[in-house]
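Numbering-wise, the UniProt record's numbering puts 9 at position 9 of the sequence shown, and it's gapless, one number per residue.
FYI, nobody ran anything at the bench for these hints, they're computed from the structure.
Heads up, a few of these hints could be off.
What the hints assert, rightly or not - 25 Å max Cα-Cα, derived SDA-like pairs, lysine to any residue:
1) K288 with A77
2) K156 with C383
3) K107 with N119
4) K107 with G80
5) K539 with I327
6) K107 with F240
7) K523 with M488
8) K499 with K523
9) K544 with N399
10) K544 with S292
11) K73 with V390
12) K523 with A484
13) K544 with R329
14) K499 with F517
15) K544 with Y400
16) K288 with P76
17) K107 with V233
18) K298 with G153
19) K544 with V336
20) K156 with F258
21) K325 with I121
22) K73 with I415
23) K107 with V252
24) K499 with A484
25) K499 with F512
26) K523 with A403
27) K523 with F502
28) K73 with F258
29) K288 with I261
30) K326 with P76
31) K156 with G317
As the list claims (entries may be wrong) - Pair by pair, the computed Cβ-Cβ distance ranges are:
32) F517 with S293: 40 to 50 Å
33) T319 with A183: 29 to 39 Å
34) I295 with F517: 36 to 46 Å
35) P265 with V380: 33 to 43 Å
36) G524 with P106: 47 to 57 Å
37) E117 with A183: 44 to 54 Å
38) G506 with V380: 23 to 33 Å
39) V380 with R424: 37 to 47 Å
40) R518 with S242: 46 to 56 Å
Note that the coordinates shown come from a computational prediction; the quantities given were computed from them, not determined experimentally.
Even for Gly, the Cβ is constructed at its ideal location relative to N, Cα and C.
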Amino acid sequence: MADNERLEEREPLLEVTPVTRRNENAEGPKQDIEDRKDHPAGLIATASIDDIQTEARIAADEEHGHSFFKALKLYPAAVGWSLFFSLGVIMCGFDPQVIGQLYAVPKFQRDFGYLYEGNWIISAPWQTGLGMGSPIGQVLGALFAGYPMEWYGRKKTFGACVICTTGLIFIQFFARSLPVLLAGELLGGLVLGTYAVIAPAYASEVCPLALRGVLTSCTNICFVIGQLLANGVIAGTERFDSHWAYSAPFAVQWVWPFFIIIGLPFAPESPWWLQRQGRFEEAEKALKSLASSDIEVKPTLAIIIETDRLEREIETGSTYWDCFKKINRRRTEIAVGVYTIQVLSGIYLVGYATYFFTLAGLPTTQAFNMGVGFLAVGFVGTCLSWLLLVHFGRRTIYNYGLATLAVLQLIIGIIDCSPHYDQRPSIAWAEAVIMVIWNFIYDLTIGPVCFVLLCEVSATRVRGKTIALATAAQALAGIVMTVAIPYMINADQANMRGKLGFFFGGLAAACFTWAYFRVPELKGRTFQEVDIMFERNVKTRDFKSYVIAQE
1 MADNERLEER EPLLEVTPVT RRNENAEGPK QDIEDRKDHP AGLIATASID DIQTEARIAA
61 DEEHGHSFFK ALKLYPAAVG WSLFFSLGVI MCGFDPQVIG QLYAVPKFQR DFGYLYEGNW
121 IISAPWQTGL GMGSPIGQVL GALFAGYPME WYGRKKTFGA CVICTTGLIF IQFFARSLPV
181 LLAGELLGGL VLGTYAVIAP AYASEVCPLA LRGVLTSCTN ICFVIGQLLA NGVIAGTERF
241 DSHWAYSAPF AVQWVWPFFI IIGLPFAPES PWWLQRQGRF EEAEKALKSL ASSDIEVKPT
301 LAIIIETDRL EREIETGSTY WDCFKKINRR RTEIAVGVYT IQVLSGIYLV GYATYFFTLA
361 GLPTTQAFNM GVGFLAVGFV GTCLSWLLLV HFGRRTIYNY GLATLAVLQL IIGIIDCSPH
421 YDQRPSIAWA EAVIMVIWNF IYDLTIGPVC FVLLCEVSAT RVRGKTIALA TAAQALAGIV
481 MTVAIPYMIN ADQANMRGKL GFFFGGLAAA CFTWAYFRVP ELKGRTFQEV DIMFERNVKT
541 RDFKSYVIAQ E
């Protein structure tokens, strides 16, 4: 069927009879929005479909016409609050990184480990258990987050989670045995899993189209900041000959809740969530607080209402089960796939970077310094990724990055096969340098682009739950790697060293094949346009050039 015929056949998608919206979740009696028609926002909500679509098209045209820097000037508050909600993700990056780095801290090894051939080490089973605590918690926490985010909103859910984190840090801080520390990691992970869901969902719902790629990708830089701070803190405490060598890093985690709790009361709620609750005046107020006074927000509210109406018509639903229905199945697959590939391509080696460098033959101090530099390079890579996101497509950046990561991992594996490895320290340095380059490419490409795709590919009505499913799937893959990596790299187990590159290089190559055929180009598309293209089952390679005809 020709494109014009298909477009003509689908046109009724934009011509439905308006229905009365009800506030399904408000306390007290349900109230028709017809009762609010005297309010400006209520007038938009109860307007005819033609009027709403006209306003929506105005908003879409304006968003398409904004450059990155113009949008930055017009929506400064949206940028600030998006970054504010991403602070929780710093804790997501900090906590698992601390655990991975503590295995190389002498005092932690003596207090929690055992002697093996004259050296204190943490046994592989306990490394596995501690490493699994946070991912297991994040699986459950991510899936749980989808419910309160829809019931109570992004803001209240975020606040409740931060309060819980503040209390659970005490368990880690006072832990003096591996079982207590494991309990702290597991319970803490339950809450940490929610932050990786809340932050990108909120950012995608408060920022304009021109800023969406950069602000949603900030989730990745917050992970990197957390990892970098963890390495820096432990590099400063690893020489302590007391419990502060490992207690101090846990205490640092109280810094972020302090600032979040102070600022959160002033944050606006997501206007997309408010609209779904029928709270149109509050949605309009939130939009005004996110934009400069030069912006007329009524067309923006109209496009939110129209996109939600379109998704209700094509029955995207709002439950976890709806994520797997035909209309959303492809979108859920892509979201889960791009997030899980982070693990399969080798990102969990970042948590073991310092330990990996010591096993490769670097002195402990140099290994810690290399670990800090490793993540600092990743920070620079993420910042540079913003330039790529402005000028290049998501699909292009993602696929080229993934292919490069596969090649670098295979090179590490080949180098590790060099003869007389133990007598040639230059080989260990070569592997370390390539790992640094690998981390730079990761944080330049698939690391940040993953979070952009998560937000853009999911339908707005199930965005929180789609991101939650993807986060849970990524954490499950992380659990597998957490079990496997200690056995693969520990000196008392497989002792694979750099030969892990063959394993992760092969996985990355397989992931590249999937991404090439399944990940579409979504740059420059509004959420409504993305809905229409997925509803029409546009082929992956056609997303970039597909033209959506207007009425």
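Now for the hints, and whether the structure bears them out:
1. K288 with A77: 10 Å, holds
2. K156 with C383: 30 Å, violated
3. K107 with N119: 12 Å, holds
4. K107 with G80: 40 Å, violated
5. K539 with I327: 14 Å, holds
6. K107 with F240: The given pair, whose Cα atoms are some 7 Å apart, holds under the 25 Å limit.
7. K523 with M488: 39 Å, violated
8. K499 with K523: Violated - the C-alpha atoms of K523 and K499 are around 37 Å apart, more than 25 Å.
9. K544 with N399: 15 Å, holds
10. K544 with S292: Violated, because 31 Å separates the two Cα atoms, which is more than 25 Å.
11. K73 with V390: 16 Å, holds
12. K523 with A484: 36 Å, violated
13. K544 with R329: Cα-Cα ~21 Å, so holds.
14. K499 with F517: 29 Å, violated
15. K544 with Y400: 17 Å, holds
16. K288 with P76: 12 Å, holds
17. K107 with V233: 15 Å, holds
18. K298 with G153: 22 Å, holds
19. K544 with V336: Given that 25 Å is the threshold and the Cα spacing comes to 21 Å, the pair holds.
20. K156 with F258: Measuring from Cα to Cα gives roughly 16 Å; hence the hint holds.
21. K325 with I121: Since the Cα atoms of K325 and I121 sit roughly 48 Å apart, the hinted pair is violated (cutoff 25 Å).
22. K73 with I415: Given pair K73, I415 is violated - Cα atoms ~49 Å apart, limit 25 Å.
23. K107 with V252: 18 Å, holds
24. K499 with A484: 14 Å, holds
25. K499 with F512: This hinted pair holds, its Cα atoms lying about 20 Å apart.
26. K523 with A403: The given pair, whose Cα atoms are some 20 Å apart, holds under the 25 Å limit.
27. K523 with F502: Given pair K523, F502 is violated - Cα atoms ~33 Å apart, limit 25 Å.
28. K73 with F258: Status violated; Cα separation ~29 Å.
29. K288 with I261: The given pair, whose Cα atoms are some 23 Å apart, holds under the 25 Å limit.
30. K326 with P76: Not OK: K326 and P76 at ~38 Å, beyond 25 Å, violated.
31. K156 with G317: 23 Å, holds
32. F517 with S293: 40 to 50 Å: Taking Cβ atoms as reference, F517 and S293 lie about 47 Å apart, which means the hint holds.
33. T319 with A183: 29 to 39 Å: Holds: the Cβ-Cβ distance is about 32 Å, inside 29 to 39 Å.
34. I295 with F517: 36 to 46 Å: This hint holds: roughly 40 Å between Cβ atoms.
35. P265 with V380: 33 to 43 Å: 34 Å, holds
36. G524 with P106: 47 to 57 Å: 52 Å, holds
37. E117 with A183: 44 to 54 Å: At roughly 31 Å between Cβ atoms, A183 and E117 fall outside 44 to 54 Å, so the hint is violated.
38. G506 with V380: 23 to 33 Å: 28 Å, holds
39. V380 with R424: 37 to 47 Å: With a Cβ separation near 30 Å, V380 and R424 fall outside 37 to 47 Å, so the hint is violated.
40. R518 with S242: 46 to 56 Å: 52 Å, holds
In terms of the numbered hints stated before, the structure departs from hints 2, 4, 7, 8, 10, 12, 14, 21, 22, 27, 28, 30, 37, 39, listed from lowest to highest.
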